[in-house]
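Chains as they are written, first to last, in my numbering: chain V, 93 to 314; chain W, 17 to 444.
It cannot be assumed that every hint is accurate.
Stated by the list, open to error - Each computed EDC-like pair below joins lysine to aspartate or glutamate, with the alpha-carbon atoms no more than 16 Å apart:
hint, chain 1, residue 1, chain 2, residue 2
1, W, K260, W, E109
2, W, K254, W, E59
3, W, K259, W, E282
4, W, K25, V, E160
5, V, K106, W, E439
6, V, K98, V, E160
Bear in mind the hints are in silico, worked out from the structure with no lab data behind them.
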Amino acid sequence: MRVEIKDLTKTYRKGDNIIRAVDGVSATLEPGSFTVLWGVSGSGKSTLLNLIASIDRPTEGEILVDGEPMSSWSEERLTRYRNREIGFIFQSFYLIPSLTVLENVSLPLVPDRLPASEKRERALRALETAGLTHRTNHLPVELSGGEQQRVAIARALVNEPSLLLADEPTSDLDTETGQRILALLRELNSRGTTVLVATHDPRIAERPYQRWVMQDGSLSQS
Amino acid sequence: MSIIALAWKELTRRKSRSALTVLGIFFAVALLVAVVAVLSYFERVVAVPFEAAGADIQAETFIEAGPWSRTRLARNLGPIPVSIYEKIEALPEVTAVGGLLHFWDWQDPEMLNIAGIDPDNQMVCPVKEGVSLKETGTATVSLEGRLLTKQDTYHALLDQRYATRHGLKVGGKVNIAGREFEIVGLADLAGVTRVGQAEAFIPLHVAQEIVHDSQPWTRKYGDFVNLILIKIQPGADKEANRKKIAAILQQATGLDKSRIKVLTGETIMDQTTGVSAVTRALGRWIAVIMLVGVALLVVKASLAAVGERTAEIGIMKAVGWTNRSVRALVMWQTAFQGLIGGVLGLIVGYLIAWAYALTAKFTLPQVLIPYSCKPGEAGPPPISLPLTVSWQIAAGAILIALAMGVLGGLIASRRAVALRPAEALRHI
Numbered sequence: 093m094r095v096e097i098k099d100l101t102k103t104y105r106k107g108d109n110i111i112r113a114v115d116g117v118s119a120t121l122e123p124g125s126f127t128v129l130w131g132v133s134g135s136g137k138s139t140l141l142n143l144i145a146s147i148d149r150p151t152e153g154e155i156l157v158d159g160e161p162m163s164s165w166s167e168e169r170l171t172r173y174r175n176r177e178i179g180f181i182f183q184s185f186y187l188i189p190s191l192t193v194l195e196n197v198s199l200p201l202v203p204d205r206l207p208a209s210e211k212r213e214r215a216l217r218a219l220e221t222a223g224l225t226h227r228t229n230h231l232p233v234e235l236s237g238g239e240q241q242r243v244a245i246a247r248a249l250v251n252e253p254s255l256l257l258a259d260e261p262t263s264d265l266d267t268e269t270g271q272r273i274l275a276l277l278r279e280l281n282s283r284g285t286t287v288l289v290a291t292h293d294p295r296i297a298e299r300p301y302q303r304w305v306m307q308d309g310s311l312s313q314s
Numbered sequence: 017m018s019i020i021a022l023a024w025k026e027l028t029r030r031k032s033r034s035a036l037t038v039l040g041i042f043f044a045v046a047l048l049v050a051v052v053a054v055l056s057y058f059e060r061v062v063a064v065p066f067e068a069a070g071a072d073i074q075a076e077t078f079i080e081a082g083p084w085s086r087t088r089l090a091r092n093l094g095p096i097p098v099s100i101y102e103k104i105e106a107l108p109e110v111t112a113v114g115g116l117l118h119f120w121d122w123q124d125p126e127m128l129n130i131a132g133i134d135p136d137n138q139m140v141c142p143v144k145e146g147v148s149l150k151e152t153g154t155a156t157v158s159l160e161g162r163l164l165t166k167q168d169t170y171h172a173l174l175d176q177r178y179a180t181r182h183g184l185k186v187g188g189k190v191n192i193a194g195r196e197f198e199i200v201g202l203a204d205l206a207g208v209t210r211v212g213q214a215e216a217f218i219p220l221h222v223a224q225e226i227v228h229d230s231q232p233w234t235r236k237y238g239d240f241v242n243l244i245l246i247k248i249q250p251g252a253d254k255e256a257n258r259k260k261i262a263a264i265l266q267q268a269t270g271l272d273k274s275r276i277k278v279l280t281g282e283t284i285m286d287q288t289t290g291v292s293a294v295t296r297a298l299g300r301w302i303a304v305i306m307l308v309g310v311a312l313l314v315v316k317a318s319l320a321a322v323g324e325r326t327a328e329i330g331i332m333k334a335v336g337w338t339n340r341s342v343r344a345l346v347m348w349q350t351a352f353q354g355l356i357g358g359v360l361g362l363i364v365g366y367l368i369a370w371a372y373a374l375t376a377k378f379t380l381p382q383v384l385i386p387y388s389c390k391p392g393e394a395g396p397p398p399i400s401l402p403l404t405v406s407w408q409i410a411a412g413a414i415l416i417a418l419a420m421g422v423l424g425g426l427i428a429s430r431r432a433v434a435l436r437p438a439e440a441l442r443h444i
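For reference, chain V alone in the conformation it holds in the complex (with noise of 0.2 Å):
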C-alpha cells in the first residue's frame, strides 16, 4: 500500500490558543518500507499516525491511499480501512482490562461473520507471531509491560494489515525487551508489510532505517 501525505494540517484549539499539531506535512510510505518517525514528545507524531490511520481527521491537506483521497471515502470505506487495511500498535496499548489476551487480539475480528473457530485461528496465529501463545487466557493486568505491548501487536497483526503503525512501541520497556519488539516488526516488514514506527527513542532512530522527524508539527526526511 502506498500512503502518500500532501501538506496535511491538523490544529487543534486550546482555549484562546491554536495548536499546530500537525503543520503543513507532505511526505511517501512506499509499499514495503519501513520507516521511523522521530521526534520528540508533543512534536506531533502520534497526531500524524492517527491522521493516517483515520482515527482522527486532518484539518487541511489530504491523505492518498494508493491513489485515492481518503477525504472522499464514506465512513463505512473508513472503518474498513482502520480494520482491514490498517494494524495500529497503540502507545499505551489501549488493552481492555476484562477480555483475556485471545479475545482482545480477536476485538478487530468480533464484527466479522467468520465461523468462531476461524477468528480464534487467526488471533492464535498473530499470539503465535508476537511469541505469546502462552498467555491466551491471562487478563492483561496479569502481563508484563513488554507482554502488553505484544498483545497489542499481535491485535495489530490479527487481520494481516499492509500497514503497521506502531505508536512509540518500545517505550517503557527495557532495553532487552525493546530490541525484541523492534525485531520483530522487523522481521513483519521483511514478510513484506509496510512499517511506521514513531518513537523517540534514540536506540531506534540512530538505525539505518528511512528517517522522519518531527518538530513542532513539520517534517523533514533524511
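Chain W: place on chain V using the hints.
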C-alpha cells in the same frame, strides 16, 4: 467471540450496574404482570359463571313481594312470558335465548332452590350436556345418572351437594312443593357457580304448573320464566346488546327501569370481586407509571454505561468496528438486561397473582343467583378458580421488558456511535 458473547460478558463484568437496570425492569414487570394477571383473573371469575351456563347475558325483572307461601317465586323475580324470546332472538348478534323458572320451596328447616329448565334448549342452561370448561381452567360438570329430557315430567336432577346432604340417590324420590319427583341424575356443580344455578332442576312445564298452583296470580302469564339467559356472537359488544335487551324487557313488561336487571360479567365485577372499577383503574395506572419511570431509568443507566465505556468504544472504533457493530453491542447488552428482568418479573408477578387467587373466594351477587340465603342455610358454592397463565400476558410482559431494554440501548447507542475514535481514545 461474537458481539452477543461480548455483550453478555460486559453484562456480567459490571454486575452492580447491570443488576440495577435488571432490578428496575424486574420490579416494573412484576407489578405489571401481577396487576394484569389479577385483573384478568377477575374477568375470568365473572365470565366463567356465564360461560358455564353457555350464556353471556342474564335478564330478569323484579316485582313486589307477594304474600308468604311455602312455594314462591325466588327472590321476587318477576314472571316474563316466553314470547319475549322472539324479540330478543331478533337482535342480530344474539345466537341463543333460553329461560328458567326459579322458585323456592320451604322444606323446614331450609329452603330448597328449584329451577324449571327446558330440556329442549341445551344451548343456554345451567346444567347441560357436554359442558367442558377445561380450556378455561374450570371444572367440568360430572353427572351421575342422566340429564332431563322432554319426556320427563315429575323427574328431577339434583345438585350433588344437596343430594349428599340429604342422603338422596339416583332412582330415589325427592319431595318438591308437596309432589314426589324421581331423581334421574346428580350433577356436580361445585366446581364453578353458574348463573341460574339451583339445587334441584325439574322440567319447565312442571315448574310452571307448581307456581301456577301456589301463586295463582301467575296464571295470567301462561308459559313464562323468570330468568332469561342469552348467548351472543363471539366478539359482539356485550354492553350494547345488554342495553338493547333491557329496552325490549322494559317494553314487554311495562316495568320501571329500576325493576329490570340485565347483567353481564362486567356489570357484576365490582360486587363479585369487591374491587371497584376505580381501584382497578388505579392499579393499571400505577403499573403504567412505574413502567415509564423504569424506562427512563434504563435509558439513564444505559447512557451512564456508555459514558463509562467511552474509552473501550474508542478502541473498538479504532480497530475498525462499524457504528452498526457498536450499536449492536450496546443494544444486545440492554436487551439481555430487559430479558432477564422481564423473565424474573413475569415469574414473580405470576407468583403474586397465583398466591392471591389461591386464597381468594368470590360469591356471585344475589342479583345473579336466586338462592335463598337466610343465615344458616347452605348458599351457592363460592367461585374458586385456579389462576391460569395467559401466554398473551407472558408474551406482552417479555416484549415490554425487551422494549424497555432496546429503547435504553437505542438512545445510549446513539451517543456511542456519535463518538469519534480519536475523541473517545482521549478518555483513556
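Do the hints match the structure? See the list:
1. W:K260 <-> W:E109: Between K260 of chain W and E109 of chain W the Cα gap is close to 11 Å, so the pair holds against 16 Å.
2. W:K254 <-> W:E59: The given pair, whose Cα atoms are some 14 Å apart, holds under the 16 Å limit.
3. W:K259 <-> W:E282: Holds. K259 of chain W to E282 of chain W sits at ~13 Å (cutoff 16 Å).
4. W:K25 <-> V:E160: violated, 39 Å
5. V:K106 <-> W:E439: holds, 15 Å
6. V:K98 <-> V:E160: This hinted pair holds, its Cα atoms lying about 12 Å apart.
Consistency with the previously given hints fails for number 4 only.
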